[in-house]
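Single-letter residue listing:
There are 2 protein chains.
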Amino acid sequence: MVGATGVVGELLLRILEQRQTRLGRLRPLASARSAGQIVRFHDADLQVVEATPDAFVDIDVVFFAATGSLSKSLAPAAVERGAVVIDKSSTWRMAEHVPLVVPEINADALERHQGLIACPNCSTIGMVMALAPLHRVFGLRRVTVTTMQAASGAGRNGIDELARQLADPHAPATVFPRRLAGDVLPQCDSFDATRDDGLTAEERKLVEETRKILGLPELEVEPTCVRVPVAVGHSASITIETTAPVDLAAARQALADFAGVRVVDDPAHANYPTAANVAGTDEVLVGRLRQTGTHRLSLWQVADNLRKGAATNAVQILEALGIER
Amino acid sequence: MVGATGVVGELLLRILEQRQTRLGRLRPLASARSAGQIVRFHDADLQVVEATPDAFVDIDVVFFAATGSLSKSLAPAAVERGAVVIDKSSTWRMAEHVPLVVPEINADALERHQGLIACPNCSTIGMVMALAPLHRVFGLRRVTVTTMQAASGAGRNGIDELARQLADPHAPATVFPRRLAGDVLPQCDSFDATRDDGLTAEERKLVEETRKILGLPELEVEPTCVRVPVAVGHSASITIETTAPVDLAAARQALADFAGVRVVDDPAHANYPTAANVAGTDEVLVGRLRQTGTHRLSLWQVADNLRKGAATNAVQILEALGIER
Chain P
2 MVGATGVVGE
12 LLLRILEQRQ
22 TRLGRLRPLA
32 SARSAGQIVR
42 FHDADLQVVE
52 ATPDAFVDID
62 VVFFAATGSL
72 SKSLAPAAVE
82 RGAVVIDKSS
92 TWRMAEHVPL
102 VVPEINADAL
112 ERHQGLIACP
122 NCSTIGMVMA
132 LAPLHRVFGL
142 RRVTVTTMQA
152 ASGAGRNGID
162 ELARQLADPH
172 APATVFPRRL
182 AGDVLPQCDS
192 FDATRDDGLT
202 AEERKLVEET
212 RKILGLPELE
222 VEPTCVRVPV
232 AVGHSASITI
242 ETTAPVDLAA
252 ARQALADFAG
262 VRVVDDPAHA
272 NYPTAANVAG
282 TDEVLVGRLR
292 QTGTHRLSLW
302 QVADNLRKGA
312 ATNAVQILEA
322 LGIER
Chain Z
2 MVGATGVVGE
12 LLLRILEQRQ
22 TRLGRLRPLA
32 SARSAGQIVR
42 FHDADLQVVE
52 ATPDAFVDID
62 VVFFAATGSL
72 SKSLAPAAVE
82 RGAVVIDKSS
92 TWRMAEHVPL
102 VVPEINADAL
112 ERHQGLIACP
122 NCSTIGMVMA
132 LAPLHRVFGL
142 RRVTVTTMQA
152 ASGAGRNGID
162 ELARQLADPH
172 APATVFPRRL
182 AGDVLPQCDS
192 FDATRDDGLT
202 AEERKLVEET
212 RKILGLPELE
222 VEPTCVRVPV
232 AVGHSASITI
242 ETTAPVDLAA
252 ARQALADFAG
262 VRVVDDPAHA
272 NYPTAANVAG
282 TDEVLVGRLR
292 QTGTHRLSLW
302 QVADNLRKGA
312 ATNAVQILEA
322 LGIER
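Chains as they are written, first to last, in my numbering: chain P, 2 to 326; chain Z, 2 to 326.
Worth flagging that the hints you see were computed from the coordinates, not collected in a lab. Quantities reported herein were computed from a predicted structural model and do not represent experimental measurements. You may find that some hints are simply not true.
[Said to hold, decoys possible] Okay, the calculated beta carbon distance ranges per label pair:
#: 1; chain 1: Z; residue 1: Ser-70; chain 2: P; residue 2: Asn-272; range: 24 to 30 Å
#: 2; chain 1: Z; residue 1: Glu-51; chain 2: P; residue 2: Asp-258; range: 54 to 60 Å
#: 3; chain 1: Z; residue 1: Asp-248; chain 2: P; residue 2: Met-95; range: 58 to 64 Å
#: 4; chain 1: P; residue 1: Gly-216; chain 2: Z; residue 2: Ala-251; range: 35 to 41 Å
For each residue, glycine too, the CB sits at the ideal point set by N, CA and C.
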């Protein structure tokens, strides 16, 4: 596991324990900066070793839960040494030969892997889990979405910065582009001055990854990604346009029947899911279903960005590969 | 002024001072509970008197910045006694004989008033200020919007509850339906169990008031109103479908030329407006303009919900009436 000391890496360890994933042994790796630290796994203290190409010798599966640059430089080395790589970074997601997998949706794409498998972005995973069952019933034509993303989407530094700002009105912004406490920022990740689409990298991921996972290269996705002062749990306000007429009861049933999705939708009792409900769990929760036209449906979706949005999805990919010992 | 001790009422006093609105005298009124309190206006201490029908004798203009029930019971009494009522509550907004006015957009509707004039909801005002100039150039067909609304939309109690929760992780929710600190809630105002549209009252206001102000009774509006842990400043992520093809430069120009709107949109330098930028100001700020199709445009809009979203707009209505002394 590369990035074993990061917030997603640590959660990967906990989820591997919880799911009692059968592993021969686990080798925690990290950048030189974090080498030497100790991580706990199944009641053992394991020393973190610097991730170098030779660290992958005799390893079957490598989780990359680290920075994109570490993944870019080292994932091919791991594949060359015979390992299957499950990568959480954005580096390889859009490469044609790399399956981009949410197991409940497109586990079949794993059959075509060439050693490298990518785990989608946290906001993408939550949204496509809600879109996939609706697409199967009604066909998707367009998705208009506003995500409201937690500070932990920027890793431990993001969580810490929000906590500092909440405690101190003068704590500066270094991880996020502005102070996040007491505000909402229509920027996740960076703008690219060389493009004229006006999108952030996070928004571009949401467009491109959704198309790839759902196998809909022409799908129109209109995203606005907003950072909100929440520690864990990404929310999304989604409106879809469909090819077939929408039936609200059928939409509800399709979502309820989809593995990994739970419908929490009882407006008469003001019941709907929020980030606080979903933090620490693996389900994607959906509520506030509203038909807004013959071919239109609005909904609210929340997921734990660190679990189903990252670590849990990566472990599910391992399980779907069927190569645990 | 009815509701002179509330958060909007106090701000009305400050804005009347700042704009040097010519008033003969000002009589601060409130419910029996707040009567006897002192408010400060132009260096004078004024005692708040209980709002009763006879309190409106010899009064030219009454601001109602109080609860809907006070407005419902007392606004007609004020009109009967010859006053013009500018009402901030939702009570009269959709009544056919009541103009619903954002002066930059439909000041002409004031000519038809019969004593009662309504000020729109805070989230509506911000949004229609951005929509009106775009409608004039391209024609609006559909609006898909997610608002991210500040705690002060629920008045002083809302501000206080958020502050308590931020200081104390165990502070309960009484004003808002759940704990707001550390979460975002897809509920502003209440659900109506007698309707099957799944909308909150806030969302229904956004639909109906937008149609009335813009004079577009058939306009399709798909709203999701979200409460966020921000003290002041409502944000909105808006996507529109137009009748004429969109031209991004023309859209930018139309917004920049519209009185009361300012465009802050420079993605190359990560510049866009947020609630923190707009709190305490009267402008509606717009940024993150993106063309997403031949007839489609996304944008981000923020406004101070207490000022342009409430008090400033009410004072602008008074100014547009031209009946100050």
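Verification of the hints:
Range check, Ser-70 of chain Z to Asn-272 of chain P: about 27 Å between beta-carbon atoms, so the 24 to 30 Å window is met. Between Glu-51 of chain Z and Asp-258 of chain P the beta carbons are some 59 Å apart, a value that agrees with the proposed interval 54 to 60 Å. Range check, Asp-248 of chain Z to Met-95 of chain P: Cβ separation about 30 Å, and the 58 to 64 Å hint is violated. Distance hint check for Gly-216 of chain P and Ala-251 of chain Z: the Cβ-Cβ separation is about 36 Å, which falls inside the suggested range of 35 to 41 Å.
The earlier numbered hint that this structure contradicts is number 3, and it is the only one.
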